[in-house]
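Undergrad: Here the protein sequences line up with chains P and X, keeping their order.
Just so you know, we're using my numbering here: the first sequence kicks off at 585 and counts up by one.
Just so you know, we're using my numbering here: the second sequence kicks off at 772 and counts up by one.
It is possible that part of the hints are untrue.
As the list claims (entries may be wrong) - Examples of chain P residues lying across from chain X (beta carbon under 10 Å, computed): (1) R655; (2) I656; (3) Q661; (4) D663; (5) P665; (6) Q666; (7) D667; (8) A668; (9) D704; (10) P706; (11) R707; (12) S708.
Unchecked claim - Chain X regions said to be covered by chain P (calculated; three or more residues, Cβ under 8 Å): (13) 800-808; (14) 945-957.
Since the hints were made in silico from the structure, they are not lab data.
C-beta atoms are modelled at their ideal positions from N, C-alpha and C, and glycine is treated no differently.
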Amino acid sequence: MLKNFKLETNRSGLFDVTPLVEEALTESGVLDGLLLVSVPHSTAAVTVVSPWDVLGLEDVHDEICRLVPTRIDFKHQYDTPQDAAGHVKAALVGHSKSFFIDQGKLGLGHSQKIYFWEFDGPRSRSVQVKVIKS
Amino acid sequence: MSEQLEAYLGQARSLSELVETEFDKMAARARLLLTMEEAYGIRQIIITGSGDSYFAALAAASSIRAWTGLPTNAMVSMEASRYLDHGCPPLAGRNRGLLVVAISNSGEAARLVEATTRLRHLGAITLAITANKDSRLGQAAEKQLEIPIPAAAPAPGTRSYAASLLGVYHLGIRIAEMLMSMTMDKAEGLRRELRQTSVGLNEAVAVSEPLMSKLSHAWSTKNRMDCLGSGPSLASAQYAAAKLIEAAGIHATPQDAEEFHHLNYFAADPEDVPTILFAPSTGLARNRCLELIDALDQLGRPRLIITDDKDYTASHDVLVLPKVQEAFAPIVHAVPAAMLSAFLAKRRNEIHYRGHTGPWRGAQNAGLVRNSKLELPN
Chain P
585 MLKNFKLETN RSGLFDVTPL VEEALTESGV LDGLLLVSVP HSTAAVTVVS
635 PWDVLGLEDV HDEICRLVPT RIDFKHQYDT PQDAAGHVKA ALVGHSKSFF
685 IDQGKLGLGH SQKIYFWEFD GPRSRSVQVK VIKS
Chain X
772 MSEQLEAYLG QARSLSELVE TEFDKMAARA RLLLTMEEAY GIRQIIITGS
822 GDSYFAALAA ASSIRAWTGL PTNAMVSMEA SRYLDHGCPP LAGRNRGLLV
872 VAISNSGEAA RLVEATTRLR HLGAITLAIT ANKDSRLGQA AEKQLEIPIP
922 AAAPAPGTRS YAASLLGVYH LGIRIAEMLM SMTMDKAEGL RRELRQTSVG
972 LNEAVAVSEP LMSKLSHAWS TKNRMDCLGS GPSLASAQYA AAKLIEAAGI
1022 HATPQDAEEF HHLNYFAADP EDVPTILFAP STGLARNRCL ELIDALDQLG
1072 RPRLIITDDK DYTASHDVLV LPKVQEAFAP IVHAVPAAML SAFLAKRRNE
1122 IHYRGHTGPW RGAQNAGLVR NSKLELPN
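Okay, chain X solo, but in the shape it has when bound (with noise of 0.2 Å):
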């Protein structure tokens, strides 16, 4: 148990230093992945994945979309694969347009290969952001991004997680800057910011271990959790509720902060819901979080707000991260989120993933993701 402890606050504790030693590797591969021609005929951008990589695009989308101006989505694999060309033979060349990003770090998630087969069919750019260009996917994309990671003790994606955030970052700013959406003073700006995360994730390491350990006590019977927040944020809070299952086994829910107060407001026992909310300070959801956590005041849930601005909220369960960006703050809420999930699968005596044993046990070998029959058109 001290071992996987370890070896996932490790993975935690080394971000700061995986964007530092991959952050100009990353920038100087994503710089001619796209010709200007290929750049300037794109009019919708969709990033597809499952899992964290499905996070990290929707950690991006939204702030690909504002430095671009073009119509940027997430879509999790299933829908990018079966619910965009609904079957139908391609169009000779007219989704062309289309730009399809596909993250996964392995490179061989079935439906996501099967995605990014049927969209280049279709027509459209493929991309994928991969640590492994001869996976399948990287076979079946027409670019790759590479994002190989130096190795660590293995625990869930923390490293991987970060290094997909940086790569699609990369690939985001560096389109802007083709399309001239942004001067390219204003990309290199953005540049220097996202490689500033790597300050901010040591001092986010710093201020986290202590209280998600202290945390982890108060919440380790507790069996489900809420992980709340908009924009950027909602995918930390996807992020830490799936480290919250892989890791501790948790029953975790991911849920946008305005959706909350439609939905999961209203669960039983509210006492025995810990809630998370992701909240950046200067977050365009800035003002419905702070109507939010008077809401989980009166339902009096327990709670941890993740904020950058101590004066951000009078409340005294918060966590005080150092101030990045709204699009570059799932960086650092990585830390807090895999440490919350590490010290609490020790407390709880759980090995990650159920140790793929037992009625886990289909799962070994990444077995359920990656050997799904793929439907490939003829």
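So that you can see chain P by itself, here it is in the shape it has in the complex (with noise of 0.2 Å):
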């Protein structure tokens, strides 16, 4: 099955979508397999990061922001500077993550979330879920 969720962004950065793909999980009724999250944008990025820790999660979106930060040279000038930026931001990062199932759990750590990111909000996005069976 593929589940997709709406996401609307009021801000780039870090959103917990943990919530969203257990229910994805549940919904499925899959005990034993892998679980896929990806993101059908390409200024945005799925990550793992620990949640425990607010500015933790600003460190982790300052730091990219650091390493290519929004500019006007960019050669892609069709929408904008931080487009322009999301979009390396995001082939950096990657638009999907991976998880096993085991007995019904998702196999995340105690210090693991899942975050959508987003590189160009406020934006109107979507999550999509795929839950294969063993």
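Got two chains here, each in a separate frame; can you build the complex from them with the hints?
TA: Printed below as a string of structure tokens:
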């Protein structure tokens, strides 16, 4: 099954989508298999980060902005400088992550949550979850 | 006369299709006109033109100011040409932060060619919105946004006005998007609304035609008219007055809704001065326009209120157009403005532009505006 969630981002940065992914898993009824989280966008990504210190989330986002700052001299001029930087960031991070499912639970550790990473917010976005039974 | 009427009405009826067919092409052309580095260097925008092109500039200027956050002003071509540089020599690139948007459908209006040449020499980024990029204006400007429109039977500028509006709105939205003063989603939303005016234009034709025909009968002997509005709707007032003059030879005066209370309010014989008020129900001048309707009542002026909400006013003399946001209202306002002028010309047996004959023969081939001597820097 493929589950599609809508997400309205109100900024650039990280958005916890773990509850959405767990909902999709529960709905599938799959106890053993693989789960893929994917975003159909080129200026957003999926990653796994520790949720416990919100400032840590800000650090993660700040660092990628330091590595790929928003500039006006990107060759890609079609949209906006933030969009152009967003393409690079999204390419570096990747648009999907896969997780194993064991006894109906996601293969995530205590300090791991799944985040939608917005590089060009605010935008109207989608998160897709595919569950595959072993 | 009937042929003239049909040609003019045909232009107004065709605006919806014009938006449909030209919208995507203009959006695509506007997208890569300016580089990011150029856009981020802009500190001020001046949109200039004469006649209908100036009205298009006026219609869009306040919205582009709001969208981009940049000081943005509409300016008639004489002011842009002679009263910006004041004849001073250029200051070596210090004026690069000025974006001059010069609008002319033909691209041959002499004063605008002159303004564009002088301001480019001054260091400004010059961008022509024109149907003819090979025209003198197209050649004078550094950049061109082409707005070619499929030919139609000749009539006072209607399709060319709508095309100029589309072009300048597209440019404003794109600059705001590039500057990230609005998100890409919001910019796309505005583009969708702009495209949707094609639906509104069809509805505007359906409701305007019978009422404007009827009104032209009641007003056919009136030789003076006032056209009022504020913000973008001041451009509609200017456009309506221009069409009344060009098509029907009526001495029509455009005025801001506030200024009216200071000025034309006092015109003698008010019962002989029909007054058209463009008043979008959600416009920022909404409440002042309602006060103005009361003033018109008291004066006993024949009037027409053009709005988009049947509950906006209790007045009986109302044309209710489809709802569009205030910024884009001038597009749909063009329909009743053109149709009233078309019907009045027919009822008054007036040939458009007085046939460019007799005392008006100097206007043949647009000679009055094309052949004026250019004053250019050495």
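Undergrad: Please go over all the hints and tell whether each is borne out by the structure.
TA: Evaluated hints:
Hint status for P/R655 relative to chain X: holds, with the closest Cβ pair at about 8 Å, below 10 Å. Given hint, P/I656 at the interface with chain X, holds; its Cβ is 4 Å from that chain's nearest Cβ, closer than 10 Å. For P/Q661, the interface hint holds, since its Cβ comes within 10 Å of a Cβ in chain X; the closest pair sits about 6 Å apart. Here the hint on P/D663 is kept, as its CB sits about 6 Å from the closest CB of chain X, short of 10 Å.
Because the beta carbon of P/P665 sits about 6 Å from the nearest beta carbon in chain X, less than 10 Å, this interface hint is met. Restraint check, P/Q666 versus chain X: the minimum CB separation of about 6 Å is within 10 Å; hint holds. With its C-beta approaching chain X no nearer than about 6 Å, P/D667 sits inside the 10 Å limit, and its interface hint holds. With a cut of 10 Å, the hint placing P/A668 at the interface with chain X holds, because the nearest CB-to-CB distance is about 8 Å.
Look at P/D704: its Cβ gets to within about 7 Å of chain X, closer than 10 Å, so that hint holds up. Checking P/P706 against chain X: minimum C-beta separation of about 6 Å stays under 10 Å; hint holds. Here the hint on P/R707 is kept, as its CB sits about 5 Å from the closest CB of chain X, short of 10 Å. With its C-beta approaching chain X no nearer than about 6 Å, P/S708 sits inside the 10 Å limit, and its interface hint holds.
For the region 800-808 of chain X, the stated coverage by chain P holds: 5 residues have a C-beta nearer than 8 Å to a C-beta of that chain, and at least 3 were required. A stretch counts as covered by a chain when three or more of its residues have a beta carbon under 8 Å from one of that chain; for the region 945-957 of chain X and chain P the count is 6, and the coverage holds.
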